[in-house]
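S.K.: Now for the letters of each chain:
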Amino acid sequence: MATLTTQLRRGVLEYCVLALVAKEDRYGFDIAKTLSAMTPMAVSEGTVYPLLSRLRKDGAVETRWVESDAGPPRKYYAITTHGRRALADFAEEWATFRDGVDALLEGGAP
Amino acid sequence: MTVLDHPAIRDYLRRLDAATAALPPDERAEIREGISAHLAEALSPTATDVEVRNTVAALGDPYEFVAQPAHPAPAAVPAQPASGRGALEIAAVVLLLIGAFIVPLVGWVAGVVLLWTSKAWTRGQKVLGTLVVPGGLGAWFVAFLVAVPLGAQSCMTSVSGDGTLTVCEEGGLPWWVLVPLAVYIFVGPIFTAVYLLRTAGRAPAR
Numbered sequence: 001m002a003t004l005t006t007q008l009r010r011g012v013l014e015y016c017v018l019a020l021v022a023k024e025d026r027y028g029f030d031i032a033k034t035l036s037a038m039t040p041m042a043v044s045e046g047t048v049y050p051l052l053s054r055l056r057k058d059g060a061v062e063t064r065w066v067e068s069d070a071g072p073p074r075k076y077y078a079i080t081t082h083g084r085r086a087l088a089d090f091a092e093e094w095a096t097f098r099d100g101v102d103a104l105l106e107g108g109a110p
Numbered sequence: 001m002t003v004l005d006h007p008a009i010r011d012y013l014r015r016l017d018a019a020t021a022a023l024p025p026d027e028r029a030e031i032r033e034g035i036s037a038h039l040a041e042a043l044s045p046t047a048t049d050v051e052v053r054n055t056v057a058a059l060g061d062p063y064e065f066v067a068q069p070a071h072p073a074p075a076a077v078p079a080q081p082a083s084g085r086g087a088l089e090i091a092a093v094v095l096l097l098i099g100a101f102i103v104p105l106v107g108w109v110a111g112v113v114l115l116w117t118s119k120a121w122t123r124g125q126k127v128l129g130t131l132v133v134p135g136g137l138g139a140w141f142v143a144f145l146v147a148v149p150l151g152a153q154s155c156m157t158s159v160s161g162d163g164t165l166t167v168c169e170e171g172g173l174p175w176w177v178l179v180p181l182a183v184y185i186f187v188g189p190i191f192t193a194v195y196l197l198r199t200a201g202r203a204p205a206r
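Respectively, the protein sequence lines represent chains A and B.
Numbering of the first sequence is given in the numbering used here, commencing with residue 1 and proceeding in unit increments.
Numbering of the second sequence is given in the numbering used here, commencing with residue 1 and proceeding in unit increments.
Check before you lean on any hint, since a few could be wrong.
What the hints assert, rightly or not - Beyond 10 Å from chain A on every Cβ pair, some chain B residues (computed):
1) D11
2) R123
3) I190
Said to hold, decoys possible - Estimated spans, in silico, between C-beta atoms of each pair:
4) F97/A <-> A22/B: 27 to 33 Å
5) D26/B <-> G107/A: 30 to 36 Å
6) S68/A <-> Y195/B: 52 to 58 Å
7) A88/A <-> D26/B: 49 to 55 Å
8) L104/A <-> T130/B: 27 to 33 Å
9) E64/B <-> A88/A: 27 to 33 Å
10) G60/B <-> D25/A: 29 to 35 Å
11) R98/A <-> L131/B: 54 to 60 Å
12) R84/A <-> P7/B: 25 to 31 Å
13) A22/B <-> P72/A: 25 to 31 Å
Everything labelled a hint here was simulated from the structure, so no lab data went into it.
Note that beta-carbon positions come from the ideal geometry of N, C-alpha and C, so glycine has one too.
Construct the complete structure from the given sequences, taking the supplied hints into account.
M.R.: What follows is the structure, encoded as structure tokens:
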């Protein structure tokens, strides 16, 4: 039971993080809390950090520091052009994939 | 005292370091930085024990979330190769070095076979072990028989009517060939033996 969802989740989690950041620049803690609060995601908060590191390495996001009155400066993540393109590609593939699976599950032809 | 000094957090960060040990250093540092910032954000310096443990629990087990998902990331290169410096490796080095004395030629060849069979060295290291020097210390004998006369001066003394005449001919090989060759033949086998022994099992297996 858990394994199937885990496998599905692992393939898309990176893009989910990217989607969050595409809407607005966010800092790590914020992304971690938002993602783990989404029930289907059901990931622990720490999962976000290795993903963010790889996204940055791949050039899909870039970071900047922002002063915070609440305490030390925060590292904000922003999506890049490359990241937008990757996200758009994924969205397309995901739609096709999702429609295909739905059709099969409903037993009819698409 | 910052919240990061809390024992539960120190343990957690230690576990994180262990879980990320195989990652590239920059990723490792970035993840640690992110998690530390997360902890500082979530907890005040006066956080209670319960709050700390809850926050750490919500973060999750580092071994879980560091596990590589979709991306075939440049996966962890194992620090240990398939085998270390075992009996096979020691036998290989010994035979390479002095195998030629035990059974001429065959002894050294046996060393080469063992060298290439072992998983403790990279291909480059094995090539080095084979070429420096073929015959191992046995090469010294070949050197004395062949190379030295080639390099030596040969002097002929002839007696003629005017007195004795000594003519010395330069050897066939110039010094700038002889010296590197000598180093290669005499130092090579020893260098290789020491090098192979020291690097057995250190490099990533191929």
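S.K.: Now look at each hint and say whether the structure bears it out.
M.R.: Okay, the hints, checked on the actual structure:
1. D11: Consistent with the label, D11/B stays out of reach of chain A, its closest Cβ about 14 Å off (over 10 Å).
2. R123: Holds, because the least Cβ-Cβ distance between R123/B and chain A comes to about 30 Å, which exceeds 10 Å.
3. I190: Nearest chain A Cβ is 45 Å from I190/B, so the label holds.
4. F97/A <-> A22/B: 27 to 33 Å: Distance hint for F97/A, A22/B holds at roughly 31 Å.
5. D26/B <-> G107/A: 30 to 36 Å: 49 Å, violated
6. S68/A <-> Y195/B: 52 to 58 Å: 54 Å, holds
7. A88/A <-> D26/B: 49 to 55 Å: Violated: the Cβ-Cβ distance is about 28 Å, outside 49 to 55 Å.
8. L104/A <-> T130/B: 27 to 33 Å: 58 Å, violated
9. E64/B <-> A88/A: 27 to 33 Å: 30 Å, holds
10. G60/B <-> D25/A: 29 to 35 Å: Check failed, 25 Å falls outside 29 to 35 Å.
11. R98/A <-> L131/B: 54 to 60 Å: 59 Å, holds
12. R84/A <-> P7/B: 25 to 31 Å: 44 Å, violated
13. A22/B <-> P72/A: 25 to 31 Å: 29 Å, holds
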